[in-house]
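Enquirer: Taken in sequence, the protein lines are chains A and B. Count along the first sequence from 1, then add 975; that gives the number in the numbering used here. Count along the second sequence from 1, then add 58; that gives the number in the numbering used here.
Just to be clear, a hint being listed does not mean it is correct.
Selected chain A positions facing chain B (Cβ under 7 angstroms, derived; list incomplete) [stated by the list, open to error]: (1) Arg1013; (2) Thr1014; (3) Ile1015; (4) Ser1043; (5) Ser1047.
Residues of chain B placed beyond 12 angstroms of chain A at every Cβ, according to the derived structure [what the hints assert, rightly or not]: (6) Asp127; (7) Pro319; (8) Thr403.
Source of the hints: derived by calculation from the structure; they are not laboratory data. Here a beta-carbon is modelled for each residue, glycine too, at the ideal position from N, C-alpha and C.
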Amino acid sequence: MAIHEKSLIEPERLLRHDTLVVDGVDVSGHWNTMITPRTITDYDDDFEAVIQRYPGAENVHRCWQCGSCTNSCTMYAQNVQFNPRYWIYAVRTGLKEEIIKDKDIIWQCVSCNKCTSICPKDVRPEGVMKALSHWLEDEGHTPKSPSRVFDEEFTEQIYARGRIEDSLVLLNFFRKTGQPLVPQWLRVFGVRLMQHLPVGLGMRFARNFFFAPRTRSWGRTGEVLKQYVREQKEATHG
Amino acid sequence: MQDTVLIVGAGPAGLSAAAQVAGVGYKAVLVEKEDVLGGAPIISGYARLVPSGEWAKDAIGRMVKRVEDDANVAIHKGTKVTELNGEPGKFTAKLSNGKSVKAGAVVLATGFTHFDSVNKPEWGFGTFPDVVTTTQVEQMVTAGKIACPSDGRTPERVAILLCVGSRDRQIGREWCSKICCTVSTNLAMEIKELSPKTQVFVYYMDIRTFGLYEDRFYWKSQEEFRTKFIKARIAEVTAAPDGRLLLKGEDTLVKRPIVIPFDMVVHAVGMDPNMDNPEIAEVFGVSLENHGFIERGEHYTNTCGTTRPGIYSCGAAYGPETIDDSISQGMAAGARAIADLHGLTRKAG
Chain A
976 MAIHEKSLIE
986 PERLLRHDTL
996 VVDGVDVSGH
1006 WNTMITPRTI
1016 TDYDDDFEAV
1026 IQRYPGAENV
1036 HRCWQCGSCT
1046 NSCTMYAQNV
1056 QFNPRYWIYA
1066 VRTGLKEEII
1076 KDKDIIWQCV
1086 SCNKCTSICP
1096 KDVRPEGVMK
1106 ALSHWLEDEG
1116 HTPKSPSRVF
1126 DEEFTEQIYA
1136 RGRIEDSLVL
1146 LNFFRKTGQP
1156 LVPQWLRVFG
1166 VRLMQHLPVG
1176 LGMRFARNFF
1186 FAPRTRSWGR
1196 TGEVLKQYVR
1206 EQKEATHG
Chain B
59 MQDTVLIVGA
69 GPAGLSAAAQ
79 VAGVGYKAVL
89 VEKEDVLGGA
99 PIISGYARLV
109 PSGEWAKDAI
119 GRMVKRVEDD
129 ANVAIHKGTK
139 VTELNGEPGK
149 FTAKLSNGKS
159 VKAGAVVLAT
169 GFTHFDSVNK
179 PEWGFGTFPD
189 VVTTTQVEQM
199 VTAGKIACPS
209 DGRTPERVAI
219 LLCVGSRDRQ
229 IGREWCSKIC
239 CTVSTNLAME
249 IKELSPKTQV
259 FVYYMDIRTF
269 GLYEDRFYWK
279 SQEEFRTKFI
289 KARIAEVTAA
299 PDGRLLLKGE
309 DTLVKRPIVI
319 PFDMVVHAVG
329 MDPNMDNPEI
339 AEVFGVSLEN
349 HGFIERGEHY
359 TNTCGTTRPG
369 IYSCGAAYGP
379 ETIDDSISQG
389 MAAGARAIAD
399 LHGLTRKAG
């Protein structure tokens, strides 16, 4: 029987041979589709200790799966796949594959720390999310983050010379992360700045410096003004 | 006659009742069907008691010595009460050793019977030697060595299954046995102390380490002794080709089937009504409640009462109970019996 609701099954669990003959019967294509079971057949007792060595995840073993973290989670409200409780459980029982499967979601933690505030066992789930992101990066499941590239360049310069050259750190950081020294946004910023610079105003400043023109239709206004001020002073002080 | 209380059962509750009765100058007659005093903690060889952490033989041993040294306590070991006649203030009991006892009141401190795991055959007890009960592990802890019964190896991984013989309508056990969660978390720590490399997993439906047992046992076993708790009621225990045990079930927190290998599986057995309760009910003329434990009288003004005046009860005879509370209740039942006898004397005088 062909399996129609394949969308309900994780793609990696669907097995299919394009051509297959069993006992002389041609079952090529979807006729031989099989689903691998979801059975957990063992625990990895060491995985928890590995994750606990990352700062922030020290208390992961305290979790009793109440679900307060997930219930309070900012990201869970956006995406039900973002489930800290589940990942903590996967860490505790060593379901490494489950963590790897969610590698593109775990880093989305916004560190609002609502989970950490609400956790009745002081597990600090926010720290666990960070630890998992770092572990995924260390194991090469996710690419190196820019901050790690920066750290490496910085450290290499220290190792080599005992000091850093700021411009060299930045230059190499931009190069290693594939960023142009003058990125697109900076270019646009410059062009727009030039376009809207008040050039005419500057030229008027310069002209006025040399020629000091009078205000239009000033006439005798200056003399009248001087006279008025003098009269006011006399009226006040005698 | 009105200065004597007949106490049936010499476990923590009965020993406490006897000490109470004797302590105020009344006479206690203690009848115990086994040949040793101390009840389940001694007969089943419990290790360290919850929550004191004292070895059972020391703690309960002191209770035994206290009544043995008391001239006001007469002790009949290996003896049962076969017949009871009379009314409050003047009961006559016939004992299986041929003697008869006249007493003004009776305290039934008849306790419980450990659930027999063969009644849950799907969990492998009796089929696989490495499936054991908490009582057996208590004995291992007392002996100072955790080992698989099949070949004596130290288990790398131990599973403790909670609610074996409790909370199970299928086998007519519709009660929580109250102490198994705490006992199991305590055992998990003791296993770890004796064998630090052993991983202990507890399979649970709920964890009911009530009151002050929460952090001292549940949290401590999880946080300091690294016990892992898996929410799954196991469907079946089978054997793997390599001789290890396979635990089958559903991990309800991840909605996935599990088939996990273990070296040893421990049944956290519950507390059944004393298997002699039908006989006890008949001999003493008291009723049993619908689970088979001794039926409590009206509790508010007839504390420690049963359905028959002049006959009192306490501890695990009433239902699953802790050792500490059984001791308190034994004392209460002893005091209640004396108070009623005193009232009768006063009325007569």
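Enquirer: The structure should be examined with respect to each hint, and the outcome stated for every one.
Expert: Comparing the hints with the structure gives:
Proximity of Arg1013(A) to chain B holds as hinted, the smallest CB-CB distance being about 5 angstroms (cut-off 7 angstroms). Because the smallest distance between the Cβ of Thr1014(A) and any Cβ of chain B comes to about 4 angstroms, under 7 angstroms, the interface hint for this residue holds. Contact between Ile1015(A) and chain B, as hinted, is supported at the beta carbon level, the nearest pair being about 5 angstroms apart and thus within 7 angstroms. At its closest, the beta carbon of Ser1043(A) sits 14 angstroms from a beta carbon of chain B; the interface hint therefore is violated under the 7 angstroms criterion.
Annotation: Ser1047(A) was flagged as interfacial toward chain B, and the flag is violated, the nearest CB pair being 18 angstroms apart, outside 7 angstroms. Non-interface call for Asp127(B) relative to chain A: holds, since the shortest CB-CB distance, roughly 47 angstroms, exceeds 12 angstroms. Not every Cβ of chain A is farther than 12 angstroms from the Cβ of Pro319(B); the closest lies at roughly 7 angstroms, contradicting the non-interface assignment. The Cβ of Thr403(B) sits about 56 angstroms from the closest Cβ of chain A, beyond the 12 angstroms cut-off, so the non-interface label holds.
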